[in-house]
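Based on these hints, arrange chain B on the given structure of chain A.
There are 2 protein chains.
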Amino acid sequence: MGSLPLQTVPTEFLEWSRHRQALLEERLQNILPAPEIAPGRLHAAMRYAVLGGGKRVRPLLACAAGEVAGASLERTLLAGAAVELIHAYSLVHDDLPCMDDDVLRRGKPTCHVEYDEATALLVGDALQSLAFQVLAEYRLTDEPALQLEMLRILASAAGSRGMAGGQAIDLEAVGRSLNAPELEFMHMHKTGAIIRAALQLGVRCGKRLDEAQSLHIDHFAKCIGLAFQVVDDILDTESNTATLGKTAGKDARSDKPTYVSALGVAGAKSLARELREDAMQALASFGDRAVRLRQLADFIVMREF
Amino acid sequence: MGSLPLQTVPTEFLEWSRHRQALLEERLQNILPAPEIAPGRLHAAMRYAVLGGGKRVRPLLACAAGEVAGASLERTLLAGAAVELIHAYSLVHDDLPCMDDDVLRRGKPTCHVEYDEATALLVGDALQSLAFQVLAEYRLTDEPALQLEMLRILASAAGSRGMAGGQAIDLEAVGRSLNAPELEFMHMHKTGAIIRAALQLGVRCGKRLDEAQSLHIDHFAKCIGLAFQVVDDILDTESNTATLGKTAGKDARSDKPTYVSALGVAGAKSLARELREDAMQALASFGDRAVRLRQLADFIVMREF
Chain A
1 MGSLPLQTVP
11 TEFLEWSRHR
21 QALLEERLQN
31 ILPAPEIAPG
41 RLHAAMRYAV
51 LGGGKRVRPL
61 LACAAGEVAG
71 ASLERTLLAG
81 AAVELIHAYS
91 LVHDDLPCMD
101 DDVLRRGKPT
111 CHVEYDEATA
121 LLVGDALQSL
131 AFQVLAEYRL
141 TDEPALQLEM
151 LRILASAAGS
161 RGMAGGQAID
171 LEAVGRSLNA
181 PELEFMHMHK
191 TGAIIRAALQ
201 LGVRCGKRLD
211 EAQSLHIDHF
221 AKCIGLAFQV
231 VDDILDTESN
241 TATLGKTAGK
251 DARSDKPTYV
261 SALGVAGAKS
271 LARELREDAM
281 QALASFGDRA
291 VRLRQLADFI
301 VMREF
Chain B
1 MGSLPLQTVP
11 TEFLEWSRHR
21 QALLEERLQN
31 ILPAPEIAPG
41 RLHAAMRYAV
51 LGGGKRVRPL
61 LACAAGEVAG
71 ASLERTLLAG
81 AAVELIHAYS
91 LVHDDLPCMD
101 DDVLRRGKPT
111 CHVEYDEATA
121 LLVGDALQSL
131 AFQVLAEYRL
141 TDEPALQLEM
151 LRILASAAGS
161 RGMAGGQAID
171 LEAVGRSLNA
181 PELEFMHMHK
191 TGAIIRAALQ
201 LGVRCGKRLD
211 EAQSLHIDHF
221 AKCIGLAFQV
231 VDDILDTESN
241 TATLGKTAGK
251 DARSDKPTYV
261 SALGVAGAKS
271 LARELREDAM
281 QALASFGDRA
291 VRLRQLADFI
301 VMREF
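Protein chains in written order, with our numbering: chain A, 1 to 305; chain B, 1 to 305.
Isolated chain A, as found in the complex:
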């Protein structure tokens, strides 16, 4: 990737990730109602939309942030599951004909193609409710007041001043050319808000960090959230549909502003590299506790390269 040194992903990081991905899958399996429970078709469709796919980057970020704060793995997995449910709902709604009208997601037909539009609408709605139910139902902290704060963080990150707002800004931007600061504003909402929430929730499953430490984690989250989107735009340009598991080249064809259209491929790669450096510096004071966050930052920036 441009001037980034070629690196291989450390085996023990892959093991750490796979272990957590497997545990998360189990938690999601249990959290999602069984298809035997009425309404069966809706529950089957919810499971279809959530299970058996995805890199689970947000829950992994929650786990890694939890390690910085000495959180229990079980609590961060549940917090991560709530974040992943919000992410999964947003993908289902995003793929609907009135939004991106996409037919392929995670290598499978999208939810409204496999089921139908009305069911996909309800799947997204019900997954959002379920995310908040998880945060309200399980014991994720020793202080209920702190758990309320976690709910407030996720609700705010999902809403009109977070992810849903980012989608609206995206809609308004189709056909217009945005410059880099405008793109940043859009993506800070659209994908950045939930990534920040994943880290904030993970941290809150553990011991309270002091204010400076919290700001460092949050700065890391902002950098990595933006880097994630920049790399997504690069992949959308350079990869093929089979590798991505979703329709490649779609953003450019649908005249959506991307980092590649704003900065060119080389410029976008350079920005991703800068954001990674910035993210790493934010972790400087945490020492070994932040090793997984650093590895995830590398993984996010260098995936598929």
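Heads up, some of the hints might be wrong.
To be verified - One-sided and incomplete, this derived list gives chain A residues near chain B with beta-carbon spacing under 8 Å:
hint, residue
1, M46
2, C98
3, M99
4, V103
5, S129
6, T141
7, A145
8, A164
9, E172
Unchecked claim - Over 10 Å on every C-beta distance to chain B, these chain A residues come out as not near it, computed from the model:
hint, residue
10, T11
11, A38
12, G175
13, V265
14, E277
If you are wondering where the hints come from, they were derived from the structure by calculation, not from laboratory data.
Built from N, CA and C at the ideal position, the CB exists for glycine as well.
Below, chain B alone, put in the same frame as chain A:
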């Protein structure tokens, strides 16, 4: 209404209701982001969908239930506002072309007609997030653990085993004829769950009720929730579009099972009367503290007659 004695709504109940409706409108005005805040079009559409319409039955039920438990008006208004946001989101999504495809709501063009489908989808999504944000952000009880329980109640009532699930059962029922127990199962989810949640939240803003009292309130909630739907079905048959503020006769035309199709108009009216009696009996032990709940039960069963 059938053998129900003709009654006029007591003036002081109307005053009580109007006072709370006005205060609720103020709270909603403040809770909903201003259209000056980006993304402005989304925020304008959210306000369009929520403000200046609706009987606010669910917040009134929350206020009346709060009076039984000695809750502060301010707290029950905020809990009621959260419930109303969930209700408003469900109407916006319900009216979408892939669901009921309706063009008129509360006497105005539906959200996707006034704006566009993608915006209406995001309006619903963002209103749901906002509802949980309200419950997490304001202080509604003296115990944060109890407030987490309120969040759990609303999330569960909104989700796949509550309102969204009821919508899915409704989708599966189109074109089939349901008997009264099947209809009850559908409506206990579709409209009943959120009405129960409104009462449960209102009660939890005040002093804890004992178990028997909680069960009485919950039984009242179930009866009144079902009565609400039965009366809706009667109104859909007997009223005209101007009076309803939404398209009349639509359920029958779209071959949806209703209480009128299952029981006939006389049978539906008789069921509404029985449910009202049952609801009133559930309140017997509360004396004067439940006067508003009784008046609301009458209002729900006798509206527009």
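Evaluated hints:
1. M46: Interface hint status for M46/A: holds (6 Å vs cutoff 8 Å).
2. C98: Holds: closest Cβ of chain B sits about 4 Å from C98/A, inside 8 Å.
3. M99: holds, 5 Å
4. V103: Since the shortest Cβ distance to chain B is 16 Å, the answer is violated.
5. S129: holds, 3 Å
6. T141: violated, 10 Å
7. A145: holds, 4 Å
8. A164: Because about 4 Å separates A164/A from the closest Cβ in chain B, which is inside the 8 Å limit, the hint holds.
9. E172: holds, 7 Å
10. T11: Consistent with the label, T11/A stays out of reach of chain B, its closest Cβ about 39 Å off (over 10 Å).
11. A38: violated, 7 Å
12. G175: G175/A is indeed farther than 10 Å from all Cβ atoms of chain B, at 14 Å.
13. V265: holds, 29 Å
14. E277: holds, 29 Å
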